[in-house]
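So the sequence lines, in the order shown, correspond to chains C and V.
Sequential numbering from 0 applies to the first sequence in numbering that gives the first Met the number 0.
Sequential numbering from 0 applies to the second sequence in numbering that gives the first Met the number 0.
The set of hints was computed from the structure by calculation and includes no laboratory data.
Please note that a few of the clues may not be correct.
What the hints assert, rightly or not - With the C-beta cut set under 10 Å, the calculated list includes, among others, these residues of chain V facing chain C:
id, residue
1, Gly79
2, Arg84
3, Ile280
4, Tyr281
5, Ser282
Claimed, not checked - Over 12 Å on every C-beta distance to chain V, these chain C residues come out as not near it, computed from the model:
id, residue
6, Ala34
7, Val89
8, Leu94
9, Ser127
Quick reminder that beta carbons are idealized off the backbone N, C-alpha and C, glycines included.
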Amino acid sequence: MGLRRFASLARIDTSDSLRPPGFDLMLLIVSILGAALVAIQPLTQPHTAAAIILNPTLFATSIFLALRSAGGITGLIQSGLAQVYMAYPVSRIQLLLVLLASRILAPALALMSAPLLVAAVILYPVVSSDPESYLVMFSAYLGQAILYGLAFTLISLRARSPGTATIASITFYFAYIVSSILMATLSPALREPLLGELADAMSLYVVVNRYLSGATVDVWQLALVPSLVAILFLAVVAYFTRRFEPV
Amino acid sequence: MPGQVLRVRGVSKRFGRHKALDSATMHVPEGSITGLLGPNGAGKTTLIRVSLGLLRRDSGEVELFGRDPLRDPRARERVGVVFERPVLPDALPVKVLLEHAARIYGRDEARDVEWAVKVSGLAGYEHKRFSELSAGYKQRAAIAHALIARPHFLVADEPTSNLDPVERVKILNLLVELNESEGMTIMVSSHILAELLRVAKSVVIMSRGRVVSQGSPEEVIGGLRSVRIRAKEPEALRAFLESRGVECRVSGLNVVARLDTGGASKLLRVLADAVSEGYRIYSVDMIEPGLEEVLGNGS
Chain C
0 MGLRRFASLA RIDTSDSLRP PGFDLMLLIV SILGAALVAI QPLTQPHTAA
50 AIILNPTLFA TSIFLALRSA GGITGLIQSG LAQVYMAYPV SRIQLLLVLL
100 ASRILAPALA LMSAPLLVAA VILYPVVSSD PESYLVMFSA YLGQAILYGL
150 AFTLISLRAR SPGTATIASI TFYFAYIVSS ILMATLSPAL REPLLGELAD
200 AMSLYVVVNR YLSGATVDVW QLALVPSLVA ILFLAVVAYF TRRFEPV
Chain V
0 MPGQVLRVRG VSKRFGRHKA LDSATMHVPE GSITGLLGPN GAGKTTLIRV
50 SLGLLRRDSG EVELFGRDPL RDPRARERVG VVFERPVLPD ALPVKVLLEH
100 AARIYGRDEA RDVEWAVKVS GLAGYEHKRF SELSAGYKQR AAIAHALIAR
150 PHFLVADEPT SNLDPVERVK ILNLLVELNE SEGMTIMVSS HILAELLRVA
200 KSVVIMSRGR VVSQGSPEEV IGGLRSVRIR AKEPEALRAF LESRGVECRV
250 SGLNVVARLD TGGASKLLRV LADAVSEGYR IYSVDMIEPG LEEVLGNGS
């Protein structure tokens, strides 16, 4: 598929996935939040500043992805728009890439980079001292958002109603977070450090933050979330290209 | 002999335990208007979706412009589709949407959008969002969207199902015009006999997932035995039809006529006489015959 064809289809779908006022409001709120968080506390390290801004932003982004973007895929299928897209001369894998770009990547990028840019302006002297670590933290949070987004997409493709898709997506999100918290809590009680390391590794931004702060981090901890992203991506591709059928 | 735009051979498709298509075989001759006729649940929409590669088939072969549309999306490059339920993204004005769609097909976005808007009768409404349009104009917007590829093959799945009688006639006339002026091959599905007889040069009859016959309207419709006629005074119409040699009975507000002799042509001639004599006829629908009965009469 040519870039022009990809861009045109993505433009059509993005008009739905980033439709105002929901997306615009969310963008405004996370930007103000980012500015407020860096303005009220002294920060000296760029990656710490990024983490402070992106922690709540990741939560907001995940909820947005579950409610509007991935949940919207079920709506797309139910409304019959999915078959309108599928009737274009594009393959399933090409269509899936468009959907992932417009419903996961674009909103996640926009929602997470807006407060980061606002904070970078406010904290210019701090961020300019080490912009790479600021961007590395951003990438870690973005990777985590994409992990959630891919899981929500898989759920949405399988669900038969937007309500079910949304509830299942949010359940997955909380189950993921809670299991990580449980492992971190049980690790010292059971004297099993691996549980704690696994709990950290389930959040890429935690291990990246530790790494950038100079703490020892195992390679497998850095690789866990990217591996999960790769596995989920392959699962979504396999399901969409081999099993999925529009209603 | 004209070529074939679409060839479907022995295609079966199940949804769980339900067999939606059962060894369906049919073709669409180039330049024709092919009517896909059958009652609700006969498998028309499934056949259309499988033919376009939107649904997987369990077995059989599909060739759309010589390619398998399931594996090769280029098969759909010259195909426009009007789905049963007209739906388009409504966050953009229809004209902007059509411009993006034109780019997807590699068409000239200014010239082809203008043409599609004009031909579909959407002119004056193209700047509105899809959700702001009435049912009739939503259908026209869906047709404009289907025409944006300047298709050689237009597939319309029950394009008149949500429209009032005046809009129905306009849409059917538009299909005939596209066929005659643009040379567009058209496949249109319906469960309404009278509608397809207005436009179709070739008819495919479906029942319970099977293609029971294909041929000219006379060849195929003549083999179907029962037609339901909604009329203002069914008893009076029954008496009239019987006086003209049509075997029929009253069923509620309808007259059910058998097509044993003379086929559809004779019945339609008699109905035309009935109308000219002042009988009010609201609709003429095919009634699904028993599968054995249809197979026994299929060409």
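Evaluation of the provided hints:
1. Gly79: holds, 8 Å
2. Arg84: For arginine 84(V), the interface hint holds, since the closest Cβ of chain C sits about 5 Å away, which is under 10 Å.
3. Ile280: This interface hint is violated because 33 Å lies over the 10 Å limit.
4. Tyr281: violated, 29 Å
5. Ser282: violated, 26 Å
6. Ala34: holds, 29 Å
7. Val89: violated, 5 Å
8. Leu94: violated, 9 Å
9. Ser127: holds, 38 Å
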